[in-house]
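Go ahead and model the full structure; you've got the sequences and the hints to work with.
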Amino acid sequence: MQGSETKRGSYLIAIILIVIFWYILSVVVNSPALPPPNTVLLSLISQARTGLLEHFLISTYRVIYAISLALSLAVPAGLLSHERAIDRFVAPFLYLLYPIPHIVLLPLIILLFGIGDLSKIVLIALIIFFQILVTTRDAARNVSDYYVYSLLSLGANKRDVYRHVIFPACLPKVLTAMRISIGTAIAILFFAESFATTKGLGFIIMDAWSRADYSGLYAGIVSMALLGFILYIILERIEARVCRWV
Amino acid sequence: MIEARSINKVYEDGTEALKDISFSVKRGESCSIIGPSGCGKTTLLFIFSGLLRPTSGEAIINGEPARLPDMKDVALILQDYGLFPWKNVFENVAIGLEIRGIPGKEIKRTVDSLLKSLNLNGFEKYYPKQLSGGMRQRVAFARALALRPGILLMDEPLSSLDALSRENLQNFLLELWIENKITMLLVTHSIEEAVFLGKKIVVLSPRPGRVVKIVKNPDAGSIEYRDKEEFFEKCREVRQSVEAT
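Read top to bottom, the protein sequences are chains A and B.
Here the first sequence is numbered in the numbering used here, starting from 1 and rising by one per residue.
Here the second sequence is numbered in the numbering used here, starting from 1 and rising by one per residue.
Just so you know, the hints here were simulated from the structure itself, not pulled from any lab data.
You can take every hint at face value.
Derived BS3-like pairs: lysine-lysine, alpha-carbon spacing no greater than 27 angstroms straight-line:
#1 K129(B) <-> K173(A)
#2 K158(A) <-> K108(B)
#3 K72(B) <-> K158(A)
#4 K105(B) <-> K87(B)
#5 K26(B) <-> K216(B)
#6 K125(B) <-> K87(B)
#7 K158(A) <-> K87(B)
#8 K213(B) <-> K19(B)
#9 K181(B) <-> K213(B)
#10 K87(B) <-> K116(B)
#11 K87(B) <-> K173(A)
#12 K216(B) <-> K19(B)
#13 K158(A) <-> K105(B)
#14 K173(A) <-> K125(B)
#15 K129(B) <-> K7(A)
#16 K213(B) <-> K199(B)
#17 K72(B) <-> K105(B)
#18 K228(B) <-> K26(B)
#19 K7(A) <-> K125(B)
Pairwise CB distance ranges (calculated):
#20 S160(B) <-> T176(A): 29 to 35 angstroms
#21 P85(B) <-> L111(A): 44 to 50 angstroms
#22 S160(B) <-> S68(A): 41 to 47 angstroms
#23 S24(B) <-> V246(A): 41 to 47 angstroms
#24 S72(A) <-> I214(B): 56 to 62 angstroms
#25 P172(A) <-> K216(B): 48 to 54 angstroms
#26 K7(A) <-> T245(B): 54 to 60 angstroms
#27 G133(B) <-> G116(A): 56 to 62 angstroms
Glycine residues also receive a C-beta, built at the ideal position from the N, C-alpha and C atoms.
Spelled out as structure tokens, the structure:
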């Protein structure tokens, strides 16, 4: 496919430009706090052999678990908002609970779920749950009655309407919400991994920072960026597959 | 058999859409409904297809009040085709059969033969936005016909087409009606279309829609009718009734 080739080409150009910019910046700043990209790459390779991969996988597991958890709760709740009666009940809760900075619930989450993996996952899930819910709800409420009527006239029941109209009509918006959520999820991941754990990329970054190991620090940062990028690419693939009609 | 028994429809916001509508269409007959925009034509079709309830009066289909989902004999074609943009041509045509729980193999057979007869074979994987207006309209017909309805309700099915595809599809509808003895109820704002396709023409007034006149049109039912003097004469008669509203 010519389209995906040009796309790959422009990605490559962007990566090269970022690396060049980084290199120039490191020369100009000339401080151990900003090592050049080649030093970071070498440390990335050497650390991949000594455990960085394991931290990377643990972080990946936490993020994917959290996204799946949030998605499996937020999407059904959002889609059901198409029912005016349900929405009338749910909307006030949403308006009251959404604007709270959920990250301040961290102490409560730790009290309830302990200091292990689960509390980190719940924290991430809680925050992106609201992002996905708000977007899905808006999409579900705006599905035109025209399509619903069109399906009902064929003898459809409520379940058919959700399966053939509400869900597919909202899917592009859900995927957009997920794309935004990936960025948020990784930011929260860093926060959640910066304390009470010895595993994960957040830990690597904080640990390297405290030891003034700058190349290790950047290896952690680049790994985290890579995690976000990979999730983003996977999502884009899914979108291209299921939303061909858009 | 379609029957309107003094149907009134007042919407929740107090808008009077229809007032005391009564007429009937016999089995195998075709009927056009014509009137100015906003005269409640679409509301009337929604009532006949069971999507809306009249405020008072009754819509009777084959002897029973129109109520979803027990409307297996009726197919409705909405204005602007009513296709789902997220389903491709095959899926759009198959959806009615799928909902009725028809086995996949049988669906495929029915849909394939319908697409072929409507010159849509090869376009199964296309999405509605990739098709021309005339093709979308044919997909909508295929979807309705897949259910083998005895009654076909249509809301301005041809209004957004160019003149040529419009005439082609008018001929198609006429042949469909003659060959399959389908009972047709067609809402339109084109006088020529109403006269070409309707054995009976119901003229409605502006909102709230009332029956102004029912014009009998016994000569309709052949493609040649379009070029005959009687056709133009009938169009003139209908135009006068429409203008008098």
